[in-house]
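Using the sequences and the accompanying hints, generate a full structural model.
Protein chains: 4
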Amino acid sequence: MSRLTKKLHCVADFCVIPIGVGPSLSKYIVETQKILNEAGLTHKLHAKGTNIEGDWSEVMEAIRKCNVRLHELGVPRINTTIHVGTRTDKEDSIEAM
Amino acid sequence: MSRLTKKLHCVADFCVIPIGVGPSLSKYIVETQKILNEAGLTHKLHAKGTNIEGDWSEVMEAIRKCNVRLHELGVPRINTTIHVGTRTDKEDSIEAM
Amino acid sequence: MSRLTKKLHCVADFCVIPIGVGPSLSKYIVETQKILNEAGLTHKLHAKGTNIEGDWSEVMEAIRKCNVRLHELGVPRINTTIHVGTRTDKEDSIEAM
Amino acid sequence: MSRLTKKLHCVADFCVIPIGVGPSLSKYIVETQKILNEAGLTHKLHAKGTNIEGDWSEVMEAIRKCNVRLHELGVPRINTTIHVGTRTDKEDSIEAM
Numbered sequence: 001m002s003r004l005t006k007k008l009h010c011v012a013d014f015c016v017i018p019i020g021v022g023p024s025l026s027k028y029i030v031e032t033q034k035i036l037n038e039a040g041l042t043h044k045l046h047a048k049g050t051n052i053e054g055d056w057s058e059v060m061e062a063i064r065k066c067n068v069r070l071h072e073l074g075v076p077r078i079n080t081t082i083h084v085g086t087r088t089d090k091e092d093s094i095e096a097m
Numbered sequence: 001m002s003r004l005t006k007k008l009h010c011v012a013d014f015c016v017i018p019i020g021v022g023p024s025l026s027k028y029i030v031e032t033q034k035i036l037n038e039a040g041l042t043h044k045l046h047a048k049g050t051n052i053e054g055d056w057s058e059v060m061e062a063i064r065k066c067n068v069r070l071h072e073l074g075v076p077r078i079n080t081t082i083h084v085g086t087r088t089d090k091e092d093s094i095e096a097m
Numbered sequence: 001m002s003r004l005t006k007k008l009h010c011v012a013d014f015c016v017i018p019i020g021v022g023p024s025l026s027k028y029i030v031e032t033q034k035i036l037n038e039a040g041l042t043h044k045l046h047a048k049g050t051n052i053e054g055d056w057s058e059v060m061e062a063i064r065k066c067n068v069r070l071h072e073l074g075v076p077r078i079n080t081t082i083h084v085g086t087r088t089d090k091e092d093s094i095e096a097m
Numbered sequence: 001m002s003r004l005t006k007k008l009h010c011v012a013d014f015c016v017i018p019i020g021v022g023p024s025l026s027k028y029i030v031e032t033q034k035i036l037n038e039a040g041l042t043h044k045l046h047a048k049g050t051n052i053e054g055d056w057s058e059v060m061e062a063i064r065k066c067n068v069r070l071h072e073l074g075v076p077r078i079n080t081t082i083h084v085g086t087r088t089d090k091e092d093s094i095e096a097m
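Protein chains in written order, with full-length UniProt numbering: chain F, 1 to 97; chain A, 1 to 97; chain V, 1 to 97; chain L, 1 to 97.
Keep in mind the hints are simulated off the structure, nothing from the lab. Be aware that a few hints might be false.
Identical copies carry no separate label here, and so any pair may be met within one copy or between two of them.
Once the Cα atoms are required to be at most 20 angstroms apart in a straight line, the calculated SDA-like pairs of lysine to any residue come out as [what the hints assert, rightly or not]: (1) Lys-27 <-> Glu-95; (2) Lys-65 <-> Asp-89; (3) Lys-6 <-> Leu-45; (4) Lys-7 <-> His-46.
As structure tokens, then:
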């Protein structure tokens, strides 16, 4: 089986910025944390985003759901930044710096 | 059908940074452009990354394949940055600023 | 003289996201382009941001002024993403991929 | 005095990626943490970067020094990502989410 169809573990950091709503974003952060909890992926909130790790496709699907949920809550426009790290030389995790 | 399972159009910008190889990255850029061409998604290279648009899941899958391909070429570690915009108030595309 | 006080050339890409205002951001983009023109730095708008190059401190000062200007226009909160590339092995510019 | 010359407080997150060296980056992270300590700015390391806060120009100068230091250590190429938040509606800090 080609690696192109295998799972790809990643450690990511992302930040979802709702645009076109008020400047207080805490209620949206609460919603995205709920979705991450449901996704069952290891994640950890910090001052400017959320660290998350797991299979690439599952991580991106969880962040997609965060976007969809905020649109459902009435956010007309969202800008999401994602940093993703993958490596083949050793195991990587949120805990490993 | 819930929106959580529907397609989510996005306009994204991403940059794949190979780590642990030499400072010349052009051959890797060529490889990622091939994968984007195969994916059939509208995309456009600029000085610091690539604009791309399409369904969220297809865009993230194309970027995942870029990562897998570079690992196959011997890159031990990759850092990818992705900016993704989604909006429900109007159509969005690479051409619309 | 230590390199710590010398000029550091960089090629950057940045995106200024106004938060707490409406979803239409084009008038803010126009303002930031004016500031970049006044700064006299080479820059080029693309679908998800602006490429800019020059001395690190001048580039960051120009982006700072963009933030200050948007706050003056009533934007209560701003999220700015900046990707900066520096290199010592060869000349770098927006034109060099 | 115009706001354009006043201090602008920001809460930022940044990640410095050395290119063209080996995949182990921990020694470079140690160096950047030293520079941040010397800069006297509040900062906090997480799995995918460093949170930092202070006056915009001082924050960007500290990150510039990180880049210069890594080049001095022989890194030929660096890619730095910076997310910066500024706001005028309330005080912001690394501790305030």
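Violating hint indices (sorted, rising) | The structure conflicts with hints 3 and 4, although it agrees with all the remaining ones.
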